[in-house]
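K.L.:
Here are the chains, one letter per residue:
Protein chains: 2
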Amino acid sequence: MHALVYTGTQELIYREEKNPKIVNGESIVKVSASGICGSDMHAYHGKDNRRVPPLILGHEISGTVDKGKFAGKKVILNPLITCGGCEYCSNGREHLCGKRIILGMNKPIERQGGFAEYVSIPDQNIYELPKTLDINEAPIAEPTAVALHAVELGEMELSKSLKDTKALVIGGGAIGLLSGLILSKIKKCEEIVIVDPNKNRLRECSKYLNASAVDPSSKKIIESYFDIVFDTVGLEATRQQAIKTIRPGGTIIHIGLTQPGGTFDFRKATLQEITFIGTYCYTNKDFEKTLNILSKKEIGSLDWIEYRKLKEGSRAFKEIHGGLCTAPKIILLI
Amino acid sequence: MHALVYTGTQELIYREEKNPKIVNGESIVKVSASGICGSDMHAYHGKDNRRVPPLILGHEISGTVDKGKFAGKKVILNPLITCGGCEYCSNGREHLCGKRIILGMNKPIERQGGFAEYVSIPDQNIYELPKTLDINEAPIAEPTAVALHAVELGEMELSKSLKDTKALVIGGGAIGLLSGLILSKIKKCEEIVIVDPNKNRLRECSKYLNASAVDPSSKKIIESYFDIVFDTVGLEATRQQAIKTIRPGGTIIHIGLTQPGGTFDFRKATLQEITFIGTYCYTNKDFEKTLNILSKKEIGSLDWIEYRKLKEGSRAFKEIHGGLCTAPKIILLI
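Here the protein sequences line up with chains A and B, keeping their order.
Taking this note's numbering, I'd label the letters of the first sequence as residues 1167 to 1500.
Taking this note's numbering, I'd label the letters of the second sequence as residues 1167 to 1500.
Derived from the structure by calculation, the hints contain no laboratory data.
There's no promise every hint is true.
If chains are identical, the list can't say which one is meant, so a pair holds when it fits in one copy or spans any two.
Stated by the list, open to error - Simulated pairs of lysine to aspartate or glutamate, DMTMM-like, Cα-Cα distance not exceeding 20 angstroms:
#	residue 1	residue 2
1	Lys1434	Glu1402
2	Lys1475	Glu1303
3	Lys1385	Glu1454
4	Lys1462	Glu1294
5	Lys1233	Glu1318
6	Lys1475	Glu1177
7	Lys1462	Asp1330
8	Lys1451	Glu1439
9	Lys1326	Glu1253
10	Lys1265	Glu1439
11	Lys1455	Glu1303
12	Lys1477	Glu1192
13	Lys1240	Glu1283
14	Lys1477	Asp1381
15	Lys1475	Glu1454
16	Lys1233	Glu1177
17	Lys1434	Glu1192
18	Lys1354	Glu1464
19	Lys1239	Asp1330
20	Lys1385	Glu1357
21	Lys1354	Glu1485
22	Lys1187	Asp1381
23	Lys1329	Glu1253
24	Lys1184	Glu1356
Quick caveat: nothing in here was measured; it's all calculated off a predicted structure.
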């Protein structure tokens, strides 16, 4: 089969690879579309010890089952594979399973990803494509589940309704925009500021999201003002912006993985009773809720997605790396 | 009146000061006992910009009302003075009031503290001493309210009962011991590890608390093991111990103010959905609950408190600074 293979830091090669083999309890899916995630970019930069070259990246996947019990069905994949038996899996928090693996990773266990013509996947990770959802748009389900989980984690912490909160979203990438769309269109939040240094991307977000889209120097980013801040970037600088702008008793939801360490204002966090929650996954229930949201078009048009061909994937990675992409999401079509 | 005055970094002088004057809505309390808090030590080290010399420190206070509407009553003071009218004060989160001040601080507003013969206090901050509580022990109510608030913040985050959780308490000072006692005696938590580098203090904690009392190199401090970790120290190193030992989906409660910054493993926090909550105060309701707990002796004997005379307070500060104190709490008697 053809596949886009991550072969070394900032290097992807479109080449011939062996087809995946079917095993008991799993299926082979012929991939239709596969989205590029920030964590794929993180791997591309050589900074992810769970994704070591050579490896087929990609975990936001739609397609048609080629071999397996759902053969012929159009499907979306939940790329998060968990053990099913541990305390977390038994209590609806399977995303915290110690044995969890994600498609497109090879440490500690290899699972080739979706930037290829075919991918293998356990049957319980296969969801039927809702009839009203386009198969090429469908990979957006995965980051939408991430954003839904993040927004609802925040919602549980708040002492008031999300409708009445002031929300700051740091980052106008897919997770930032999706968090904003869920806040606005599903949770009816009326005061949202989204911040990104990339003006083209802000303009793109503004077309779809009812929010103030501003650059980091804007006066709308008021100190100790926001009830909830979503840091969808995860840089030392964005975390510092988050702790600076959060109001006393507020909640920071941290979804980014860009910089693993760096200093932070723990004094403010302590004196002002700030809650900081890290998240980057979702439960099976979140994934199902997301499919329902997308099937009903509850987050509106998905025209902000840009499509490229798989064989041109290397160029897409280069453009994202170079900050040349306006679209918050690029999906590769196979 | 006589007072112990903080006059400069690591300097306290017992000297004559002017008596406080009574104003409308306030009372003058003749102080019986006043505890030394970690935040007083922080000021003593010249590291608290809210406590600038010259200043009378101390905010854990019991005494007898000398002038005011409760004259003659034996009382305990809630040193947290709030505006009463803001959103926080109206919603039972008055400890987050933007105008809050604490006795024994002078920035932005001066409120002399309790290391003196007399102190002034708004009437609504005065609580009658429960009959079964010794007036000299009574200042422990304030740090007990801090610990109760911290434990109950953690309790709200957990997906199971505190009884069934594995808890790590970092620090064997008053807040560490009190958090442990509340976990053990009130919340019935059965697996508690308390860690401190000071062996004498560990031995003292062991006499009162049903927990494994260990030094930081102990094998009982297992990586990614604890459902909840209380960092009652707030050093970069203790926060790193907290994030290392917390299990996926777990909660870190951060009560210390020792080091305001420093790096942290935000990658683990994100990948493992860790909740980090800063806290150092309590609500009025927490303070009332605490008086009830202490009046019923629910956290057991308070014989771990050591008493000194106010005029010997400077020496007590020196001994705490030098790590020479075994007792988790020193209360100065006036």
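K.L.:
Work down the list of hints and note, for each, if the structure agrees.
P.N.:
Against the structure, the hints come out as follows:
no. : hint              : result
1   : Lys1434 - Glu1402 : both (16 angstroms within a copy, 15 angstroms between copies)
2   : Lys1475 - Glu1303 : within (14 angstroms within a copy, 74 angstroms between copies)
3   : Lys1385 - Glu1454 : neither (39 angstroms within a copy, 42 angstroms between copies)
4   : Lys1462 - Glu1294 : within (15 angstroms within a copy, 60 angstroms between copies)
5   : Lys1233 - Glu1318 : neither (36 angstroms within a copy, 52 angstroms between copies)
6   : Lys1475 - Glu1177 : within (17 angstroms within a copy, 72 angstroms between copies)
7   : Lys1462 - Asp1330 : neither (25 angstroms within a copy, 41 angstroms between copies)
8   : Lys1451 - Glu1439 : between (30 angstroms within a copy, 17 angstroms between copies)
9   : Lys1326 - Glu1253 : between (31 angstroms within a copy, 11 angstroms between copies)
10  : Lys1265 - Glu1439 : between (33 angstroms within a copy, 15 angstroms between copies)
11  : Lys1455 - Glu1303 : within (17 angstroms within a copy, 54 angstroms between copies)
12  : Lys1477 - Glu1192 : neither (27 angstroms within a copy, 77 angstroms between copies)
13  : Lys1240 - Glu1283 : within (15 angstroms within a copy, 80 angstroms between copies)
14  : Lys1477 - Asp1381 : neither (34 angstroms within a copy, 57 angstroms between copies)
15  : Lys1475 - Glu1454 : neither (28 angstroms within a copy, 65 angstroms between copies)
16  : Lys1233 - Glu1177 : neither (31 angstroms within a copy, 79 angstroms between copies)
17  : Lys1434 - Glu1192 : neither (49 angstroms within a copy, 30 angstroms between copies)
18  : Lys1354 - Glu1464 : within (12 angstroms within a copy, 45 angstroms between copies)
19  : Lys1239 - Asp1330 : neither (42 angstroms within a copy, 44 angstroms between copies)
20  : Lys1385 - Glu1357 : within (15 angstroms within a copy, 49 angstroms between copies)
21  : Lys1354 - Glu1485 : neither (34 angstroms within a copy, 57 angstroms between copies)
22  : Lys1187 - Asp1381 : neither (48 angstroms within a copy, 52 angstroms between copies)
23  : Lys1329 - Glu1253 : between (34 angstroms within a copy, 17 angstroms between copies)
24  : Lys1184 - Glu1356 : neither (50 angstroms within a copy, 53 angstroms between copies)
Figure legend: structure checked against the earlier numbered hints; hints not met, in rising order: 3, 5, 7, 12, 14, 15, 16, 17, 19, 21, 22, 24.
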